[in-house]
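Asks: Input sequences plus hints: build the corresponding full structure.
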Amino acid sequence: MVSRRGFLAGGAAAAASGAVGIAAGAAGASLAAEADLETFAASRQAEFYGPHQSGIELDIQAVTNMVAFDIKESVTKADMLRWMRLLTDDIARLTAGEPVLADPAPELAIGAARFTAYVGFGPSLFSKLGLEAQMPEGFAELPAFGVDQLQERYSAGDVLIHIAADDPVVLAHGTRGLVRDSMPFASVRWVQPGFAHSPGMIPAGLTHRNLMGQVDGTANPELGSSDFDSVVWINDGPEWIKGGTLLVFRRIAMQLDTWDQLGTPSKEEVIGRKLSNGAPLTGERETDVPDLGARHPNGLLVIPEFAHIRRAAPQESGERIFRRPFSYDNGMNERGSMDVGLLWTAYQRDISKQYLPIQRRLEQLDLLNQWTVPIGSAVFAIPGGVQGSELLAEALFS
Amino acid sequence: MRKISLLFLTIPLLLTGCASTGGVVAEDLWVKSSEMSMQGGMTAVYGTLTNNTQQDVVLVGGETEIAGVVEVHEMTMIGGEMKMQEIDGGLTIPAGMSIVLEPGGNHLMLMMLTDDLEAGEEISVTFDFDGAEDITVDGIVAKPAEGGDEDYHSGEMEMDN
Numbered sequence: 001m002v003s004r005r006g007f008l009a010g011g012a013a014a015a016a017s018g019a020v021g022i023a024a025g026a027a028g029a030s031l032a033a034e035a036d037l038e039t040f041a042a043s044r045q046a047e048f049y050g051p052h053q054s055g056i057e058l059d060i061q062a063v064t065n066m067v068a069f070d071i072k073e074s075v076t077k078a079d080m081l082r083w084m085r086l087l088t089d090d091i092a093r094l095t096a097g098e099p100v101l102a103d104p105a106p107e108l109a110i111g112a113a114r115f116t117a118y119v120g121f122g123p124s125l126f127s128k129l130g131l132e133a134q135m136p137e138g139f140a141e142l143p144a145f146g147v148d149q150l151q152e153r154y155s156a157g158d159v160l161i162h163i164a165a166d167d168p169v170v171l172a173h174g175t176r177g178l179v180r181d182s183m184p185f186a187s188v189r190w191v192q193p194g195f196a197h198s199p200g201m202i203p204a205g206l207t208h209r210n211l212m213g214q215v216d217g218t219a220n221p222e223l224g225s226s227d228f229d230s231v232v233w234i235n236d237g238p239e240w241i242k243g244g245t246l247l248v249f250r251r252i253a254m255q256l257d258t259w260d261q262l263g264t265p266s267k268e269e270v271i272g273r274k275l276s277n278g279a280p281l282t283g284e285r286e287t288d289v290p291d292l293g294a295r296h297p298n299g300l301l302v303i304p305e306f307a308h309i310r311r312a313a314p315q316e317s318g319e320r321i322f323r324r325p326f327s328y329d330n331g332m333n334e335r336g337s338m339d340v341g342l343l344w345t346a347y348q349r350d351i352s353k354q355y356l357p358i359q360r361r362l363e364q365l366d367l368l369n370q371w372t373v374p375i376g377s378a379v380f381a382i383p384g385g386v387q388g389s390e391l392l393a394e395a396l397f398s
Numbered sequence: 001m002r003k004i005s006l007l008f009l010t011i012p013l014l015l016t017g018c019a020s021t022g023g024v025v026a027e028d029l030w031v032k033s034s035e036m037s038m039q040g041g042m043t044a045v046y047g048t049l050t051n052n053t054q055q056d057v058v059l060v061g062g063e064t065e066i067a068g069v070v071e072v073h074e075m076t077m078i079g080g081e082m083k084m085q086e087i088d089g090g091l092t093i094p095a096g097m098s099i100v101l102e103p104g105g106n107h108l109m110l111m112m113l114t115d116d117l118e119a120g121e122e123i124s125v126t127f128d129f130d131g132a133e134d135i136t137v138d139g140i141v142a143k144p145a146e147g148g149d150e151d152y153h154s155g156e157m158e159m160d161n
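Sequence order for the protein chains is A and B. Its first residue numbered 1, the first sequence is counted upward by one per residue in our numbering. Its first residue numbered 1, the second sequence is counted upward by one per residue in our numbering.
The hints are simulated quantities; they were obtained by calculation from the structure and are not laboratory data. Treat the hints with care, as some may be off.
Unchecked claim - Covered stretches of chain A (in silico footprint by chain B; criterion: 3 or more residues with CB under 8 Å from a CB of chain B, positions within the stretch not fixed):
#1 85–93
#2 101–113
#3 181–191
To be verified - Once the Cα atoms are required to be at most 20 Å apart in a straight line, the calculated DMTMM-like pairs of lysine to aspartate or glutamate come out as:
#4 A:Lys72 / B:Asp116
#5 A:Lys77 / B:Glu122
#6 A:Lys353 / A:Asp229
#7 A:Lys77 / B:Glu86
#8 A:Lys72 / A:Glu132
#9 A:Lys77 / B:Glu121
#10 A:Lys267 / A:Glu284
#11 A:Lys72 / B:Glu35
#12 A:Lys72 / B:Glu121
In this text, a Cβ means the ideal position worked out from N, Cα and C, and glycines have one as well.
Replies: Structure (structure tokens):
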């Protein structure tokens, strides 16, 4: 196969600009703009290199695959480093919309589509490799909660690769490349696909809706803010976790059949927010701060004792997390009951000080528990990002 | 296309000052991992080689620490079957052109491996050219890969050297 590189690219560019020149009329310009609009998702790229791994401090993408692995018995730290060498290069190329090296189907690299993937490690990996001393502060398996109905096939894992993109074909092809390069080192423990809105459905920065209809993710720290840094990104402890974060993952099943039997006022009281726009029952806009002390004229609290946002509200400063939940749809049974819910993710510096106190309050009293059941659970420590020729988690496995 | 080519021919003249790194440039190189191999195992190096010189260059072979023998191979139809064979006289890269070494096509064959080549390992390979300076590339990563209808581990493979 012989190609005149550079010359070929130059020719293509010249041909493209020629086409634009011909279509210079008003109708042509609008056609061109429409064509740009139709393919805008392909060209949007996330940033791979930087202090943090990508796919966390980013407006949520359209589709996701969470893939958890268990390492093979013989795997050592040196093997992990070789695995990370492959993944680092793969993710860098996929984020740029390019095929990975040795891609047997490079024609499927059709655009970046905000592809991201980050890698994380479960507590079991640290014990298998004798790396307990490298465990970050506030990182441990979650205790059992009374509301849990956890299933093994959705829970735990040594290594997580969390992949996301704005296009399902880009996601599938990227997932295949990353999994192919993982097979010498590990077996797939579980894969959990999910989705949010398609690109263009929701303005950037606006909170998306889950399948119960709720605006989900309100009161998150703002992307790019110093508040986000202090809630999510770790800046001390072992070298490898600096610039990283801790992930709590929960697969939360929704009982839509019984939820749909409630009327709008009841649904709103369960959460403490309006379904229309996510505003607290004591406010007008999603961003309004809930007035937890407000009462109706009859003396009853406007946001009831059992309301989700009252139970989840921080009691101590620092009891905050960043949520980035995708939905899942795993089909339905013969009665038409949908197996749907959330791939719920929360990012924080310290699980014991941030997620756990909130979850303990929700476990004790949260009316929402009647329609939501945690059926999968895992925690992962996400190493910091890479610059130049660094490898992901290089300091952990060197 | 001819017009465009003529247009771009002027660019090398403008860039002669920074074209001192001329010769052959290698990109996106990788080597197929060969974890099951023992002494005598085989694998191959793939990627893109671009000839930035004004004359044809021929890839005639190479060296690497992990292989006893390095040859330039092609896949070709012999008697109705795709077979792998050494390219007589090497692989020509015309002036200003690129060649792609890929599974199922031309490749730099590594034979008599001295050790397992595990996924994620890196090797250094020297490419030998006639008509240009040899180049040595470090950090060529071993990828777990199938494809190209090649089966290096099969004892049935015939080599028509």
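Asks: Could you run down the list of hints and mark each one as holding or not?
Replies: How the hints compare with the structure:
Only residues whose C-beta sits within less than 8 Å of a C-beta in chain B count toward coverage, and the region 85–93 of chain A has 3 of them, enough to reach three; the restraint holds. Three residues within the 8 Å Cβ limit are the bar, and the region 101–113 of chain A against chain B gives 3, so the coverage statement holds. For a cut-off of 8 Å, the count of residues in the region 181–191 of chain A with a CB near a CB of chain B stands at 4, and the three-residue condition holds. For a cut-off of 20 Å, the pair hint linking Lys72 of chain A to Asp116 of chain B stands: about 18 Å separates their Cα positions.
Taken as a hint, the Lys77 of chain A and Glu122 of chain B pair is honoured in the structure, with Cα atoms around 16 Å apart against an allowance of 20 Å. For the hint linking Lys353 of chain A to Asp229 of chain A, the alpha-carbon distance of about 16 Å falls within 20 Å, and the restraint holds. Between Lys77 of chain A and Glu86 of chain B the CA atoms are separated by roughly 39 Å; this puts the pair beyond 20 Å, and the hint is violated. Straight-line distance between C-alpha atoms of Lys72 of chain A and Glu132 of chain A comes to about 19 Å, which keeps the hinted pair within the 20 Å bound.
Restraint check: the Cα-Cα separation between Lys77 of chain A and Glu121 of chain B comes to about 13 Å, which is no more than 20 Å; the hinted pair holds. For the hint linking Lys267 of chain A to Glu284 of chain A, the alpha-carbon distance of about 17 Å falls within 20 Å, and the restraint holds. Restraint check: the Cα-Cα separation between Lys72 of chain A and Glu35 of chain B comes to about 15 Å, which is no more than 20 Å; the hinted pair holds. In summary, the hint linking Lys72 of chain A to Glu121 of chain B is supported, as the alpha carbons are separated by about 18 Å, within the 20 Å threshold.
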